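Novice: The chain contents come next:
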Amino acid sequence: DGGITQSPKYLFRKEGQNVTLSCEQNLNHDAMYWYRQDPGQGLRLIYYSQIVNDFQKGDIAEGYSVSREKKESFPLTVTSAQKNPTAFYLCASSIGSVGGVSYEQYFGPGTRLTVT
Amino acid sequence: ILNVEQSPQSLHVQEGDSTNFTCSFPSSNFYALHWYRWETAKSPEALFVMTLNGDEKKKGRISATLNTKEGYSYLYIKGSQPEDSATYLCAFPGNQFYFGTGTSLTVIP
Numbered sequence: 001d002g003g004i005t006q007s008p009k010y011l012f013r014k015e016g017q018n019v020t021l022s023c024e025q026n027l028n029h030d031a032m033y034w035y036r037q038d039p040g041q042g043l044r045l046i047y048y049s050q051i052v053n054d055f056q057k058g059d060i061a062e063g064y065s066v067s068r069e070k071k072e073s074f075p076l077t078v079t080s081a082q083k084n085p086t087a088f089y090l091c092a093s094s095i096g097s098v099g100g101v102s103y104e105q106y107f108g109p110g111t112r113l114t115v116t
Numbered sequence: 001i002l003n004v005e006q007s008p009q010s011l012h013v014q015e016g017d018s019t020n021f022t023c024s025f026p027s028s029n030f031y032a033l034h035w036y037r038w039e040t041a042k043s044p045e046a047l048f049v050m051t052l053n054g055d056e057k058k059k060g061r062i063s064a065t066l067n068t069k070e071g072y073s074y075l076y077i078k079g080s081q082p083e084d085s086a087t088y089l090c091a092f093p094g095n096q097f098y099f100g101t102g103t104s105l106t107v108i109p
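Top to bottom, those sequences are chains G and B.
Counting with my numbering, you get residues 1 to 116 for the letters of the first sequence.
Counting with my numbering, you get residues 1 to 109 for the letters of the second sequence.
Among the hints, erroneous ones may be present.
[Claimed, not checked] Just a few of them, taken from the derived set where beta-carbon distance is under 10 Å, the chain G residues facing chain B: (1) Lys14; (2) Asn18; (3) Glu104.
[As the list claims (entries may be wrong)] Only pairs whose alpha carbons sit at most 20 Å apart, straight line, appear in this in silico DMTMM-like list of lysine to aspartate or glutamate: (4) Lys57/B x Glu70/B; (5) Lys59/B x Glu104/G; (6) Lys9/G x Asp30/G; (7) Lys57/B x Glu15/G; (8) Lys42/B x Glu104/G.
Please keep in mind that the hints were generated in silico from the structure rather than gathered at the bench.
These figures come from a predicted structure and were not determined experimentally.
Built from N, CA and C at the ideal position, the CB exists for glycine as well.
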């Protein structure tokens, strides 16, 4: 089955610890994205990658880091510098963009991170 | 950052009622508008991709219209059922996707 997997579904960490969220896709998509959702807010873009070994900051990149060493994988690290890391994190992928316009995105099941 | 707005934020309807909600987006530099349905404990799933002014798309009891000149799209659900309960998101694609905050629909049996 083709799709996007995120693990784990729930993650608990102590304040001050870095934590890495996994996102893997077998859709052969070039582009991958990380979003954050907080209660009462829409999806906010953290980072995105249009191609392997390249990524760009989204609207709320501070306190996060990513890597894109393989086409299938786009892990997100929530660092201790992120002031309010407790949230729901969604990973997505798409075939990419043409003329600067992104194609339809496919989403993973999400990871709920709680930092105490 | 592009401003994509959805209203209302939440909606409760009785089973069998028809309902609609709105997505507003910038009318300049329009390429497409996407609608997604996000059920609790599942991933958002694409409903429609709308590209042409006056476009109307339909999937079962759900349909959507598009007005690119005035910058809005309506999503309609005819004869709502409990399984329609979800958050409906619209997204305006540019170099990234700009999502609205969503409309949370609850259909009461």
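Novice: Within a Cα-Cα threshold of 20 Å, do lysine 9/G and aspartate 30/G meet the stated pairing?
Specialist: violated (24 Å)
Novice: Tell me if glutamate 104/G is really an interface residue toward chain B, meaning its C-beta lies closer than 10 Å to one of theirs.
Specialist: holds (5 Å)
Novice: Has the given pair, lysine 57/B with glutamate 70/B, been kept, meaning a C-alpha gap of at most 20 Å?
Specialist: holds (18 Å)
Novice: Are the Cα atoms of lysine 42/B and glutamate 104/G separated by 20 Å or less?
Specialist: holds (17 Å)
Novice: Verify the proposed pairing of lysine 59/B with glutamate 104/G, using a straight-line Cα cut of 20 Å.
Specialist: holds (17 Å)
Novice: Should the interface hint for lysine 14/G be scored as holding, given a Cβ-Cβ cut-off of 10 Å against chain B?
Specialist: For lysine 14/G, the interface hint is violated, since the closest Cβ of chain B sits about 26 Å away, which is over 10 Å.
Novice: Do the alpha carbons of lysine 57/B and glutamate 15/G lie within 20 Å of each other, as the hint requires?
Specialist: At roughly 47 Å apart (the allowed maximum being 20 Å), glutamate 15/G and lysine 57/B break the hint.
Novice: Take the shortest C-beta to C-beta distance between asparagine 18/G and chain B; is it under 10 Å?
Specialist: violated (25 Å)
Checked against the numbered hints listed earlier, the structure breaks hints 1, 2, 6, 7; every other hint is satisfied.
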